[in-house]
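Here the protein sequences line up with chains U and G, keeping their order.
Numbered according to my numbering, the first sequence spans residues 26 to 403.
Numbered according to my numbering, the second sequence spans residues 26 to 403.
Mixed in with the good hints there might be a few duds.
If chains are identical, the list can't say which one is meant, so a pair holds when it fits in one copy or spans any two.
[Stated by the list, open to error] DSS-like cross-link-like pairs, simulated, lysine-lysine; straight-line CA separation at most 27 angstroms:
#	residue 1	residue 2
1	348	107
2	348	68
3	199	76
4	189	200
5	52	129
6	52	348
7	76	189
8	107	52
9	390	205
Everything labelled a hint here was simulated from the structure, so no lab data went into it.
2 protein chains.
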Amino acid sequence: MSEEFCFEVLAQDNTARTGMITTARGKIRTPAFMPVGTAATVKAMHPGSVKALGADIVLCNTYHLMLRPGPERVAALSGLHKFMNWPWPILTDSGGYQVMSLSKLRKLDENGVTFQSHIDGALYRLTPERAMEIQDLLDSDIRMQLDECVRLPCPEQEVRRAMKLSLAWAERSKKAFGAKPGRALFGIVQGGADEDLRQASAKALTDIGFDGYALGGLAVGEPRPVMLAMIECALPWLPAGKPRYLMGAGTPDDLLECVRRGIDMFDCVLPTRAGRHGLAYTRAGRLNLRNARHADDPAPIDPPASCAAARDYSRAYLHHLVKSGEILGMMLLTEINLAYYQELMEDMRRAIAAGGFDDFCAAAKEAWHAGEAGAPSQ
Amino acid sequence: MSEEFCFEVLAQDNTARTGMITTARGKIRTPAFMPVGTAATVKAMHPGSVKALGADIVLCNTYHLMLRPGPERVAALSGLHKFMNWPWPILTDSGGYQVMSLSKLRKLDENGVTFQSHIDGALYRLTPERAMEIQDLLDSDIRMQLDECVRLPCPEQEVRRAMKLSLAWAERSKKAFGAKPGRALFGIVQGGADEDLRQASAKALTDIGFDGYALGGLAVGEPRPVMLAMIECALPWLPAGKPRYLMGAGTPDDLLECVRRGIDMFDCVLPTRAGRHGLAYTRAGRLNLRNARHADDPAPIDPPASCAAARDYSRAYLHHLVKSGEILGMMLLTEINLAYYQELMEDMRRAIAAGGFDDFCAAAKEAWHAGEAGAPSQ
């Protein structure tokens, strides 16, 4: 448990890079995709299966765990890892994003934010210090500063104000975090869709100094070129020797394009949420299993796959499960999607190490396109 | 695939017995509990996990599969076993019971029953011959005759009429079944809560001759002593060398009391349905994980269990999952319940073979009682 948190870049292919994060609870191969375990569970998955599919780390949401079951309770139960039977690394966010997107009657001030629970209307207060305290009670391996995330589009002065506030909270978060051997604290770059603000945020955070750096307030509905432009403008101002985490993205294509630009870590509800709604992400593109064209198709999603859900069940059966609202349909499609996401990350790591990242991306996109446009079955 | 269907009683302890059913797709240890896979899935379970917990056979519902995805489609997809990725034995019911309990606008005549689907209102017709044909398209290993199941209480003449009709349909079902090496057809004893009718039904079915015999129209809300009395009066009239199946029961205590009286096979939605509603069946009785007393309890459901769900997750975590409506809660509690049911069957088989069935029952009931009345935690 005393191993220091560290990051090593092992290979680089233009701006894409592959490396290894070391934490007290295990190593994380990068670029890494973190399945989202919102309320201390990656929905519809046994934790051992999430690991077996290739995840080195999962993300849990401070906002949700703060409301239920409560961080003090989790601490009394020996921490989040024991609680959710996931002994490997966990990253927790700060709660700031969900306070904005989920809570009722949010009231922000310089010191923090007061909000009503979306579950029962109870009042809660989150400050940079409390966000650190909660994450310490959960005992997560990678922790995020509290930030303020604005909805885009947004007036420039409002974006600037939120960015400045997030910087002030970054300093307070770092102070509250203190020295935690084996645990890491990440700062979060804000600044909306404004290149100058993004650069200023990245520089100021680097001056404060964190174990890693995230890009926040992106993948929230802005045009994709804006997201990519913000990444391109911010990354050069962040220290090359620290991990870079794009929060909340994305589609398989987002993963390719953001890794290409130098992102090391991702989280997104897409593969798990889509799996609960009948959608499968595969090497041949996205399939909607609700579609009647699958009803008589004996072909599995991906016969040579090592993932049992993609190999041992026909599209006809998955269609039947989805149409019938069966839980097994959600289980199998979530498994298929997480398996594909992890396979994509592994393929990217290998391609970067071999110096063939651009070729890999082109081939992956070609396969998605051929699959979507191609025959309904195989 | 050509192995003949047969049944062998291996040991008897008073009227309780343990044996082995051989089918073309595998052996079934009796007394056996068959998890219910209504719509070609044991809800919230991977099929491999159902098998690993000790199930030799599952039950699927002809009514549900007839409506969706349709038996002709399942046949075109190489049968139900391939469809649901369960290569081991499957028993299908005839659809009669769900026509009564689920369908709209049911219209019964001598030849069969016409009903509206509860899903989309479409009209369907079920006759003894069509029930056999559907089960043949599904290619199940054990098939049930079409019967008419009355709701209790019910006037005697109505019970008699339904019992007679079920007998006529039994003959037609047997004729329609024909000769199917490796597949079995079971007749169903009806007769409501009337001992004379039950005996007459059992005798007449035995005269027709089936591979096994079920008791239908029980465990449908009648007082428990009535159910046990009906079993006691009917079983002596059935051939001792054939399996006896009590349809739709029951609680763990039902299993003990009915095995004691000579029942060999059971199916019931209780362990799976209860698991989706926060209830756990254990050696220490039934637990309601929704109850707040579990919120801070670090103890697993059953620490020495071989079932991972009962061993590796705290009651506090299960409580959290149930309160949060998380799918993993349903998955783990279903697993816990099926594991306990299969453990109970295995323990009964062993106790019967050792000649200690009564002692085993007394000890099991004592443990349930001590657990329910005992301390909230361990």
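Right, here's what the structure says about each hint:
1. Only between protomers do residue 348 and residue 107 lie at most 27 angstroms apart by alpha-carbon distance; the minimum there is 19 angstroms, versus 36 angstroms within a single protomer.
2. Taking the shortest alpha-carbon separations for residue 348 and residue 68, both the intra-copy value of 19 angstroms and the inter-copy value of 14 angstroms come in at or below 27 angstroms.
3. Neither within a single protomer nor between protomers do residue 199 and residue 76 lie at most 27 angstroms apart by alpha-carbon distance, with minima of 30 angstroms and 51 angstroms respectively.
4. Proximity of residue 189 to residue 200 under the C-alpha cut-off of 27 angstroms is restricted to the intra-copy arrangement: shortest distance 17 angstroms within a copy versus 83 angstroms between copies.
5. In this homomeric assembly, residue 52 and residue 129 never come within 27 angstroms of each other (Cα to Cα): the closest approach is 38 angstroms inside a single copy and 58 angstroms across copies.
6. Taking CA atoms no more than 27 angstroms apart as the test, residue 52 paired with residue 348 passes in neither setting, with 40 angstroms inside one copy and 33 angstroms between copies.
7. In this assembly of identical chains, residue 76 and residue 189 lie within 27 angstroms of each other by CA distance neither inside one copy nor across copies; the values are 38 angstroms within and 58 angstroms between.
8. Only within a single protomer do residue 107 and residue 52 lie at most 27 angstroms apart by alpha-carbon distance; the minimum there is 18 angstroms, versus 40 angstroms between protomers.
9. Proximity of residue 390 and residue 205 under a CA criterion of 27 angstroms is satisfied in neither setting, with 42 angstroms inside one chain copy and 52 angstroms between copies.
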